[in-house]
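Just need the whole structure built from these sequences, with the hints factored in.
If you count the sequence shown from 1, position 79 lands on 139 in the working numbering, and the numbers rise without skipping.
Worth double-checking, as some hints may not be accurate.
[To be verified] Derived lysine-lysine pairs resembling BS3-like cross-links, with alpha carbons at most 27 Å apart:
#, residue 1, residue 2
1, 127, 161
2, 88, 127
3, 161, 88
Don't read these hints as lab results, they were simulated from the structure. In this text, all values refer to a predicted model and were calculated from it rather than measured experimentally.
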Amino acid sequence: MNLKLLQLLLDNRRPDGKARSRVEAAAKDGDETTIYLYDPIVGSRMLADLFGYVCAQEMVPAIDGVKDGTLVLRVNCPGGDVFAMQAIMNALRAASDRGVKLVGQVDGVAASAATGILAVCDEVVMGAGTQYMIHNSQGMAIGDKNEQIGRAHV
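See below:
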């Protein structure tokens, strides 16, 4: 990456240095805790900090902080990194094992990795006009000039 571009991104971070994601908006109201998943899910804190996305390094501690009651996960997310999704799902499973009730609430769109996260919830509520998008897995393979497509190596 161009160093000038990287410096521009760093200069445009929030003055308080906090990520722009909605994870910081976790709120507790009695026995109900709300966490917002309102941004794309990325695999690193650097991307989350620079672009205001959500990463497992933010979500997992927020989820682990819920010890009892109900956790409402409000979602408006296009999806993202599958390994970050798995970490978030495992944190939700651990919360459920502690007796926390998990409620997923779709506020706009839940797509791709966000639907995997919602699949762990005990209950999913969708508002009027919202969307829940599931797609087939995507993958990619990379090789060198010796790799042959469609032929078995003998």
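Status of each hint after checking the structure:
Annotation: proposed proximity of residue 127 to residue 161 holds, straight-line Cα distance about 10 Å (limit 27 Å). A hinted pair counts as satisfied when its Cα atoms are at most 27 Å apart, and residue 88 with residue 127 qualifies at roughly 11 Å. Proximity of residue 161 to residue 88 is assessed by CA-CA distance (about 14 Å); at most 27 Å being required, the pair is judged to hold.
The earlier numbered hints are all upheld by this structure, with none contradicted.
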